[in-house]
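Let's have the full structure, built from the sequences with the hints guiding it.
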Amino acid sequence: MPAKVENGNAGCVTATEAAHRAIEALRAAHGGPVMFVQSGGCCDGSDPMCFPGGELALGEGDMLLGVLDGCTFHIDADLFEALGRPRLLLDVEEGTPGGFSLAAGDGLHFVTRVREPRNKAS
Amino acid sequence: MQRCCSVPVPSVLSITTTVVMEEDRKGRVMKYEAPGRPGSPVDVAPRYENFIGGKWQAPTTGDYSPNLCPATAKPICEVPKSGAQDIELALDAAHAAQPKWGEASTAQRAAALNAVADAIDAHREELAIAESWENGKPVRETLAADIPLAADHFRYFAAAIRAEESSITEIDKETVAYHFHEPLGVVGQIIPFNFPLLMAAWKLAPALAAGNATVLKPASPTPWSILKLMEVIGDHLPPGVLNVVNGPGAEIGKALATNKRIAKVAFTGETTTGRLIMQYASQNLIPVTLELGGKSPNIFFNDVAAEDDDFLDKAVEGLVLYAFNKGEVCTAPSRALIQEDIYEEFMGRCLERIRAIKQGDPLDTATMIGPQVSRQQVEKVASYVEIGLKEGAELLVGGHRPTIGGEFKDGYFYEPTVLKGHNKMRVFQEEIFGPVLAVTTFKDEAEALQIANDTLYGLGAGVWSRDTGRTYRMGRAIKAGRVWTNCYHQYPAGAAFGGYKASGIGRETHKMMLEHYSQTKNLLVSYDTKPLGLF
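So the sequence lines, in the order shown, correspond to chains Y and Z. Heads up: the first sequence begins at 0 in numbering that gives the first Met the number 0, then just goes up one per residue. Heads up: the second sequence begins at 0 in numbering that gives the first Met the number 0, then just goes up one per residue.
Just so you know, the hints here were simulated from the structure itself, not pulled from any lab data. Don't take each hint at face value.
Looking from chain Z toward chain Y, a few residues come up when the C-beta cut is under 10 Å (computed) [what the hints assert, rightly or not]:
no.	residue
1	252
2	273
3	431
If you want the footprint, here are the derived chain Z segments under chain Y, 3+ residues with CB under 8 Å [what the hints assert, rightly or not]:
no.	stretch
4	191-203
5	235-249
6	368-375
7	421-429
From chain Z, some residues computed to sit far from chain Y (all C-beta separations above 10 Å) [unchecked claim]:
no.	residue
8	170
9	275
10	278
Note that this is a predicted model, so its numbers are computed, not measured. Even for Gly, the Cβ is constructed at its ideal location relative to N, Cα and C.
Next comes the structure, spelled out in structure tokens:
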């Protein structure tokens, strides 16, 4: 599904050096881009899920936060509002990826950290 | 490798619906030896295999991963790191076993499930210790709740399948519609880490009762306790009816959920994965049940403090139940809503109770809260507390990793924590999955309801009041599948459990699950010998 940049949201998510390197390695391994979808709820609450590009069917309710090295990063629009419209930083840490997420390398998984939200919730 | 446990099995009546502290009542407090050490009733092999076709089978990949103990951060054993081919082998075994199992009488299947329940009861202590050591939950909880509830679940569905009847409709004098429940066939089931054995029982019992065979994938942090369960119950089911394959979600989970050879997939876990699984299911046109996340409100009306009695004490405990299972529960009462005129006094009592929570060795029966299941979980909890403080929440208690000495110094412990704020904060909207309570106040019933429903989720809720008209009104208006009324964290079989909104689809722990695992065959029979006259 082609990535649509909507509402000028590109730039809402950035990545650390380690995350960029992990994405590069995954792209090489998969022969194409991967995709990120911010998780909501339960055991892997704030981890971004990483899938082969196009794996998860995206829809109207998914908001594109940005594109990192040709890989889209989406979040559920309702979740984005509930989180106070955060700006996210994609990083890599030791640990096991949750759900069906791809690993970020040997023994590593992707995590998201939050920068100051654009709209501080009142 | 099945030995009988020498600890007397407690009466089912006293343990299945409430957490009853047998040891405390007798005044004994016990500290169990860690599995594998001298004196422990639990053996640990250096390495475990998959359980396929009634046998232990090495993964075709030849790969294994270490399985860590969260209390010590040290390895317990190695478990299989399987590949997609191992899922195929498990499905082969399941398909070979399913027809005979599906055609067995309900009495025969019920007898097998009751034998499974008896085996779990007979090995209660071993399974409780193993699960506690691997997951970090306190052994007093596994002994009194997790394991007995798991056994009871098999008994409930053994009874439900025996009692099941189907309907007949007389269409007209010579035409009758007969309805039969038939199994779906082979199903795929994926469970989370927070209640490994109980979640396995919730999935397995209805699926097997209905005549299906299953391939189960345990969660990555907690595979070993499931394999110990197979040691206990494996011989009580025909080979191939129940298969367990362990490995990373991206390979094993996907290989199972996308497989054309399963007739249904059941999943408990996080929302995005649930969505992906539903998508895979739609590609193969199979049904799916999902139990996803929650941010359950626990609502305390001012009349709980009308008397200083048992009920007030129960309500205080009800709030503190956010720390049950170290907060790693999809239905954790992680948002407390307290009516403003009783807030100071009520919260005061609760904080006193929270400060008294004993944290430490999960195998000590005096321990009330153990470590979080993994390092990444405890770090996530810590980062949420930081987020909460940055958002302006007030820290009432906790907020640190405690210092626990000795062999537990590297354990993934987090102090029971309370943050006071308002419902628009991230810590009120996101599922933290740890012992962190977000507390706020409300003026009246209308505001309580508005705050309660202001969430993406709808799994659980708690309502506390002496006015049952009010509890009924609130319960019916809250958009959640389970509304605990003047109680919390009770999971008896026979009470339906499942989510509204983003919390999932389908209901578990109730005989309606049998329908989720069956299909209806209609025989439309004509006793009329005359042709229609059409052709």
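Exercise for the section: Examine each Cβ of chain Y, and state whether all of them lie more than 10 Å from the Cβ of residue 275 (chain Z). Expected result: 5 Å, violated
Handout entry: 8 Å C-beta criterion, at least three residues: is the stretch 368-375 of chain Z covered by chain Y
Key = Check passed, 3 qualifying residues.
Exercise for the section: Check the non-interface label on residue 278 (chain Z): least C-beta distance to chain Y beyond 10 Å or not. Expected result: 5 Å, violated
Practice task
Given that the stretch 191-203 of chain Z was listed as covered by chain Y, double-check it with a C-beta distance under 8 Å for 3 or more residues.
Solution key: holds (count 3)
Problem - Coverage assertion for the stretch 421-429 of chain Z with respect to chain Y, Cβ distance below 8 Å, three residues required - result: holds (count 5)
Handout entry: Given coverage of the stretch 235-249 of chain Z by chain Y, checked by CB-CB distance under 8 Å (3 or more)
Key = holds (count 3)
Problem - Status of the residue 273 (chain Z) interface restraint (C-beta, 10 Å, chain Y) - result: With a minimum Cβ separation of about 8 Å from chain Y (threshold 10 Å), the hint on residue 273 (chain Z) holds.
Practice task
Beyond 10 Å from every chain Y Cβ: check whether that's true for residue 170 (chain Z).
Solution key: Per Cβ check, residue 170 (chain Z) is outside 10 Å of chain Y; nearest 42 Å; holds.
Practice task
Return the status of the interface hint for residue 252 (chain Z): holds when the least beta-carbon distance to chain Y is below 10 Å, violated otherwise.
Solution key: 5 Å, holds
Exercise for the section: Using 10 Å as the Cβ threshold, decide whether residue 431 (chain Z) counts as touching chain Y. Expected result: Result: holds, 7 Å to nearest chain Y Cβ.
In this structure, the earlier hints numbered 9, 10 are contradicted, and the remaining ones agree with it.
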